[in-house]
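*Asks:* Residue numbers (my numbering), protein chains in the order written: chain A, 1 to 792; chain B, 1 to 337.
Don't read these hints as lab results, they were simulated from the structure.
For clarity, every value in this text was computed on a predicted model and none was experimentally measured.
Take the hints with a grain of salt, since some may be wrong.
[Claimed, not checked] Listed below are the simulated DSS-like cross-link pairs for lysine-lysine, each with C-alpha atoms no more than 27 Å apart in a straight line:
#, chain 1, residue 1, chain 2, residue 2
1, B, K270, A, K123
2, A, K20, B, K238
3, B, K295, A, K20
4, A, K652, A, K673
[As the list claims (entries may be wrong)] Partial list, derived from the structure: chain A residues whose beta carbon lies under 7 Å from chain B:
#, residue
5, D461
6, R468
7, G471
8, L533
For glycine and all other residues, C-beta sits at the position ideal for the given N, C-alpha and C.
Single-letter residue listing:
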Amino acid sequence: MKVLLSWLKDYIDINETPEKIADALNMTGLEVEEIIQPGKNLNNVVVGKILSRDPHPDAEKLSLCSVDVNRGQPLQIVCGANNMKAGDKVPVAMIGASLPSGFEISKAKIRGIESSGMMCSKKELGISEEHGGLYILDENSQIGQDIVSALSLDEVIFEISVTPNRGDALSHLGIARELSAIFNLPLHRDPLGNEDGEGSVSDSVSIDIRDRELCPRYGARVMHNVKVGPSPDWMRERLEKAGIRSINNVVDVTNYLMLDIGHPMHAFDYNLVAGKKVIVRQAGKDERLVTLDKVERHLDSTMLVIADQEKPMAIAGVMGGLASSVTDATTSILLEAAFFNPTTVRVTSKRLGLMSDSSYRFERGTNIDNVPIALNEAVRLLKEMTGGQPVKGIADAYPKPEVLRQIAVRTRRVNRVIGINLSPAQIETLLLRLKLDTKRDGEDLVVSVPPYRHDLSIEADIIEEVARMYGYNNIPTTLPAITSVLQLPTPLQKLEKRLRSHLVSCGFNEIMTYSFIPTAIDGCFTEKKPLMLQNPLSEDLSAMRTSLKWGMFDALKRNILNDEFNLRLFEIGKAFHPAAGGMSEEHARLCIGFSGSADPKNWRKSSETFDLFTVKGLVQNIADLLKVKIRYAQGSCSVFHPALQMELMVGKAPAGEFGQVHPNLLDNKKMPKCIFIAEIDLNRFAAAIEGASRMKAIPELPAIRRDLALIAPVSVAHRDILKVLTGEGKTLMEDCYLFDVYQGKGIPENCRSLAFAMTFRDQKKTLTDEEIQPVIARMVSRLESELAVKLR
Amino acid sequence: MSESHENLLKQYLAEKEAATTTAELEALRVKYLGKKGEVTELLKGLGKLSIEERKTAGASINELKNHIQASLDESMRNLALKEQEQKLNAEKPDHSMPGIYPASGTLHPVIQVAQEVADIFLSMGFFMAEGPEIEEEYYNFEALNVPKNHPARDMQDTFYLESGQVLRTQTSPVQIRTMEALNPPLKMIALGKVFRKDSDITHSPMFNQMEGLVVGENISMSDLKGTLAMFVENMFGKRPFRFRPSFFPFTEPSAEMDIQCIFCEGKGCKVCKGTGWMEVLGCGMVNPKVFEAVKYDTEKYTGFAFGMGIDRIAMLRYGINDIRLLFSSDIRFLRQF
């Protein structure tokens with residue numbers, strides 16, 4: 001909201017600097033976003049009178065003007081505009097002038113002719129976006145006068161952001177009221193019109209409120225012989241500076257009062273009000289109204305309309321109808337000032353997708369006492385500006401006058417909540433500055449709330465007012481003298497923290513992707529029907545992710561398209577699934593992505609690219625780190641290559657999967673074949689973490705180590721050989737692992753060489769070769785007979 | 001030692017000085033102490049002497065022998081060390097070659113900042129609470145004193161699911177869930193993703209918030225100020241701060257906290273729009289209506305709450321100019337942290 005300092009001075013004699021005023025408003029909760037001073041960057045621009053205008057000898061579109069600026073010889077100025085004639089007065093930027101855009105005027109030759117200055121448009125002066133040629137000034141402007149004073153551009157405009165609770169501050173009066181409280185200055189205003197006029201309003205119009213809840217008060221006045229036309233300069237200027245376009249004198253007055261005292265008003269063409277009757281009622285089903293913005297609105301019974309005997313004329317508090325609006329042909333008007341229920345106005349405005357300055361204020365609550373004041377002041381201004389003749393009196397339907405809200409406020413509570421120690425008298429003084437009247441009740445107070453303070457309804461609200469006036473920065477700083485109930489981190493929280501630091505140590509970069517993903521992605525990324533947003537930002541952000549794989553795939557792909565091929569990424573986040581009863585479930589997941597090689601900067605050995613077994617290894621590494629027992633099973637996830645994927649099991653429950661991304665998904669030539677993704681269900685992992693185990697004694701007796709190099713048909717699984725080895729090793733076998741695999745020269749076709757390292761140990765006595773020899777012999781013989789695996 | 005023995009020793013010492021390798025020293029040992037060495041020969045000649053002479057000559061020769069032996073041993077050791085050192089020095093590789101090490105990764109900048117913020121509050125005795133990202137409208141709004149059709153809803157443009165649930169617009173519903181589960185006194189923080197329908201260089205439809213809540217008997221606004229002052233001092237260093245009145249439906253009184261701009265130290269710059277101040281968080285005393293929603297005794301308990309955008313703090317800290325970079329997964333960006 002734009003607030004003019006000169007306008008504020010109608011109400012308050014304030015002489016502080018703009019900066020000090022802005023700071024004070026900031027420190028009491030009205031945030032000043034910007035201080036605009038239109039004349040501030042406008043130097044050496046004066047009123048000039050065009051003495052003559054001739055065509056430029058060498059340029060058809062340029063004119064050559066002689067301009068009197070009351071400084072000796074007239075200036076010769078070349079100009080590209082064509083809306084001026086000899087005798088017009090215009091703003092002239094002299095040599096050396098600077099304009100708000102930063103442009104500086106210097107002597108120049110334009111198409112061979114010297115030009116000693118520039119005549120300006122409104123836009124060039126920085127006072128409007130309008131670019132319609134030169135700004136032709138009022139003919140009474142004084143030649144040679146500085147433009148800043150001639151146009152009263154030495155205005156200070158505050159751009160204030162008002163929080164939704166402070167409807168009372170959405171006007172110049174409201175801001176002045178706040179300043180009067182802050183600086184402890186009196187608030188004054190001139191008498192605002194009266195009810196005088198000809199005849200009697202009751203003969204001209206009758207008001208019928210059908211729903212007192214939705215419209216507690218509706219007031220109207222009638223004026224005849226109104227001459228609709230432009231508003232005087234002072235009003236146009238104020239409106240424009242406050243950001244409102246001037247329409248005509250009648251509409252301008254209603255807007256002016258909205259900005260002045262915060263009360264939205266409306267004017268109807270009196271002669272178009274059928275039956276001279278105003279009915280405030282709910283709209284009928286399927287009723288329609290073309291509003292001022294020329295859009296046909298479909299109304300329903302939740303909306304409140306202002307109607308005459310026949311038809312709706314306006315949507316209450318939101319926007320007037322086109323048909324009954326004031327036009328140049330209007331001679332009699334009906335002025336409306338009312339109080340509408342904030343919720344109704346908001347619901348209607350939302351339903352119609354139609355927000356106006358009026359609905360914005362009604363939603364936040366207006367001052368019900370302002371109804372007669374607004375009407376009388378509007379009549380006073382219109383009488384002055386249009387020569388109209390008012391009908392005497394206000395048609396004021398106010399069936400159940402509001403009683404002032406009373407709030408009991410306990411001194412002890414005020415001090416306890418704020419952490420200070422004020423006396424009841426001190427509290428009263430602070431509240432009085434805000435025009436909050438108090439009555440003493442022993443040590444406590446009863447506060448009467450003025451009708452415009454809709455934000456004050458409970459004791460805590462008054463405590464805030466006391467704190468604001470006391471000054472937040474005067475409140476001491478202490479620390480809470482309590483000890484919280486103890487809540488230890490959950491297993492999942494601990495696990496996530498551990499995983500993050502582990503994966504970073506292992507060389508992974510953490511990513512964070514959106515929880516919503518495109519609806520149109522390849523179906524293989526969503527397990528079942530995902531949860532959908534009703535109102536997504538776009539199709540690309542419309543479905544809640546059912547797994548983190550798509551985000552990871554997308555992250556890998558986008559980096560690869562940037563020529564970043566060696567990637568190790570991880571993300572920890574939630575996946576979302578529909579649950580019974582239309583509800584949802586959230587599952588914590590870890591997703592890991594691989595591309596290229598782990599160690600491209602290792603100069604010693606050629607770095608190996610990732611394959612299924614590096615991924616399987618990392619998964620096992622994580623399980624070992626967290627002490628979770630996992631098993632692997634054949635995977636069936638459609639994101640992955642059918643043969644290059646595995647499923648992860650914890651007990652009998654699936655707990656994740658990993659694999660190489662399916663070749664069909666590699667839709668760009670740049671994409672390498674070997675992109676891997678792993679996803680782990682962290683809820684399952686967190687639940688399966690094993691507790692601390694007891695220490696085992698460190699063996700004292702020596703072990704015997706044996707290697708076994710085997711030649712096996714490729715169809716024989718490593719797992720099956722291992723089973724035979726451990727089966728025969730029994731309790732003597734301490735460890736057995738694969739340490740070499742070879743296929744090629746020297747090995748028969750369809751076979752591979754597998755080498756195992758085995759460690760044997762007896763806990764009770766020193767093991768001898770003689771005891772191990774028969775064990776190895778049994779292994780070899782079983783491998784040969786059961787699996788056709790031979791010693792190499 | 002007799003004169004002739006002295007002379008022999010001198011001869012030996014001169015030859016030893018000239019020796020530069022262990023092999024030459026070995027040759028000297030053979031020459032003097034070997035089977036046919038000069039000293040050995042002298043010892044062999046002792047038999048020809050009288051008993052008296054044998055005594056004195058024997059002592060003299062033995063002294064000579066021991067002397068040479070000790071001297072040879074020492075020189076041998078020294079030369080061996082020297083030769084080893086030369087050999088070791090010859091092994092020197094090109095030290096300027098880069099080391100071979102497993103590349104380390106990076107934590108997401110938002111997570112780094114969140115952990116830092118959380119650590120400060122955890123040290124102050126807060127605990128970490130959690131709540132769902134898909135939230136009931138009641139927890140996100142009504143229980144926090146944001147009724148339906150209240151203009152305060154305009155402060156946060158909300159995503160709705162087809163079920164009527166919402167993506168939480170703030171971490172504040174975690175306050176409600178925590179208070180429903182626990183009785184005061186409590187000091188909690190909650191960290192998590194929140195969602196609002198907004199997207200430009202300073203707004204992302206998903207971002208991260210940290211929420212805090214303290215409830216107990218006699219908790220006051222001065223406690224709020226003290227707690228948050230301690231936080232900003234530990235997070236941003238000791239610098240001026242201020243509290244401005246503001247509006248949040250779930251707190252009354254409400255405030256916004258500013259710190260002196262960390263870029264210009266209060267002189268006024270582009271980041272702080274010339275004001276010298278930077279807004280870091282919103283806060284306030286818990287509105288009694290919120291306590292009523294969770295059935296806390298509003299007379300007995302008071303409390304304060306605060307919330308801050310972690311992404312914004314990360315952007316300030318690292319000079320990130322577009323919030324969307326945080327969610328871009330761009331390795332060229334992530335690697336820098």
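*Asks:* The structure should be examined with respect to each hint, and the outcome stated for every one.
*Replies:* Comparing the hints with the structure gives:
Straight-line distance between C-alpha atoms of K270 (chain B) and K123 (chain A) comes to about 25 Å, which keeps the hinted pair within the 27 Å bound. With a C-alpha separation of about 26 Å, the suggested pair K20 (chain A) and K238 (chain B) falls inside the 27 Å cut-off, and the hint holds. This hinted pair does not check out: K295 (chain B) and K20 (chain A) have alpha carbons roughly 44 Å apart, beyond 27 Å. For the hint pairing K652 (chain A) with K673 (chain A), the CA-to-CA distance comes to about 32 Å; that exceeds 27 Å, so the pair is violated.
Taking 7 Å as the C-beta cut-off, the interface hint given for D461 (chain A) holds, the closest approach to chain B being about 6 Å. At its closest, the beta carbon of R468 (chain A) sits 5 Å from a beta carbon of chain B; the interface hint therefore holds under the 7 Å criterion. For G471 (chain A), the interface hint is violated, since its Cβ never comes within 7 Å of a Cβ in chain B; the closest pair sits about 9 Å apart. For L533 (chain A), the interface hint holds, since its Cβ comes within 7 Å of a Cβ in chain B; the closest pair sits about 5 Å apart.
Figure legend: structure checked against the earlier numbered hints; hints not met, in rising order: 3, 4 and 7.
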